[in-house]
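Colleague: Numbering (this note's numbering), first residue to last: 5 to 286.
These are computed hints drawn from the structure, not numbers from a lab.
Be aware that one or more of the hints could be misleading.
[Said to hold, decoys possible] Pair by pair, the computed Cβ-Cβ distance ranges are:
| hint | residue 1 | residue 2 | range |
| --- | --- | --- | --- |
| 1 | Asn210 | Asp234 | 10 to 20 Å |
| 2 | Gly252 | Pro190 | 38 to 48 Å |
| 3 | Gly39 | Leu194 | 36 to 46 Å |
| 4 | His79 | Asp234 | 17 to 27 Å |
| 5 | Val51 | Gly237 | 34 to 44 Å |
| 6 | Ala178 | Pro261 | 34 to 44 Å |
| 7 | Arg182 | Val51 | 17 to 27 Å |
| 8 | Pro225 | Leu194 | 21 to 31 Å |
| 9 | Arg235 | Gly129 | 22 to 32 Å |
| 10 | Phe33 | Asp234 | 19 to 29 Å |
| 11 | Pro190 | Val51 | 28 to 38 Å |
| 12 | Pro179 | Leu257 | 39 to 49 Å |
From the three backbone atoms N, C-alpha and C, an ideal C-beta is built for every residue, glycine too.
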Amino acid sequence: MSIDPAGRVLRSTGSPHSETRRHAPIRTFLYTDDGVTIDSVYDPPAVVYEASRPPSRDLVFVIAHGFTGDVDRPHVRRVVEALTRYGAVVTFSFRGHGASGGRSTVGDREVLDLAAAVVWARELGHARVVTVGFSMGGSVVLRHAALHGRENGAGADAVVSVSSPARWYYRGTAPMRRLHWLVTRPAGRLVGRYGFRTRIHHRDWNPVPLSPVEAVPGIAPTPLLIVHGDRDGYFPLDHPRMLAEAAGDHGELWIEPMGHAEHAVGDELLDRIGDWAVTAGG
5 MSIDPAGRVL RSTGSPHSET RRHAPIRTFL YTDDGVTIDS VYDPPAVVYE
55 ASRPPSRDLV FVIAHGFTGD VDRPHVRRVV EALTRYGAVV TFSFRGHGAS
105 GGRSTVGDRE VLDLAAAVVW ARELGHARVV TVGFSMGGSV VLRHAALHGR
155 ENGAGADAVV SVSSPARWYY RGTAPMRRLH WLVTRPAGRL VGRYGFRTRI
205 HHRDWNPVPL SPVEAVPGIA PTPLLIVHGD RDGYFPLDHP RMLAEAAGDH
255 GELWIEPMGH AEHAVGDELL DRIGDWAVTA GG
């Protein structure tokens, strides 16, 4: 896949999967309610040959990447490639990431970025929207679903949260202590800008946003899938279990043999998520 950073259209230059034919994606900038430009890409459903189930034409996945990710990262594109076999995919770079404007608020104002992407997905003609978030993006899809109901054009019809924290300010693992240094220290924010293409806001949250575990009860009756790795180095298993308990009967929990977020999720798991979304997103 070649991506023109200044343009609106992406065209495939590589060899397609032996069972798929790809249409050209569309790239554009969206505007959030607070005026931030969000770099966004739409991938139509793949034309699948020899598949047991063709992709759904009315279903679209909206992918919310993890902290320091963006639409051009290989691990994000791999998720896109897998899910286009089940429906269309919209992905975007959160504020402060990649070519998007603004600065990262590490999960707070990012709900507005996701809402803009969901509205765009519906404007493209898709009746069913499934949000899929990873790590920071996993917390964003939970808060977004609680704040935007299914009756709202910016809301989702089903939600998948992968490797999300349950509560804020967690520092119980070495990777999370490093992340807090990156976010809270001037030297860390310089590393984020020049090492990870991530521009981080210097201000603390004020007010502190609704935590993921506090948001989850407000998602019902929207179907919710919580996915977490049993070898996650960032958030131990008490996080997904707290989320599942808060979700009650409307949530489903999968504990998987994997590590953390997009880098760890395998093709087989992505296929299962796609199957779940086709059913739950209806």
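Colleague: Each hint should be assessed against the structure and marked as holding or not.
Modeller: How the hints compare with the structure:
1. Asn210 with Asp234: 10 to 20 Å: The hinted range 10 to 20 Å is violated for asparagine 210 and aspartate 234, with Cβ atoms some 36 Å apart.
2. Gly252 with Pro190: 38 to 48 Å: 43 Å, holds
3. Gly39 with Leu194: 36 to 46 Å: With a Cβ separation near 26 Å, glycine 39 and leucine 194 fall outside 36 to 46 Å, so the hint is violated.
4. His79 with Asp234: 17 to 27 Å: 20 Å, holds
5. Val51 with Gly237: 34 to 44 Å: At roughly 38 Å between Cβ atoms, glycine 237 and valine 51 fall inside 34 to 44 Å, so the hint holds.
6. Ala178 with Pro261: 34 to 44 Å: Violated: the Cβ-Cβ distance is about 21 Å, outside 34 to 44 Å.
7. Arg182 with Val51: 17 to 27 Å: Once the Cβ atoms are compared, 43 Å apart, the range 17 to 27 Å for valine 51 and arginine 182 is violated.
8. Pro225 with Leu194: 21 to 31 Å: 45 Å, violated
9. Arg235 with Gly129: 22 to 32 Å: Once the Cβ atoms are compared, 40 Å apart, the range 22 to 32 Å for glycine 129 and arginine 235 is violated.
10. Phe33 with Asp234: 19 to 29 Å: Because 39 Å falls outside the window, the suggested range is violated.
11. Pro190 with Val51: 28 to 38 Å: 50 Å, violated
12. Pro179 with Leu257: 39 to 49 Å: 22 Å, violated
Violated hints for the displayed structure, listed by number in ascending order: 1, 3, 6, 7, 8, 9, 10, 11, 12.
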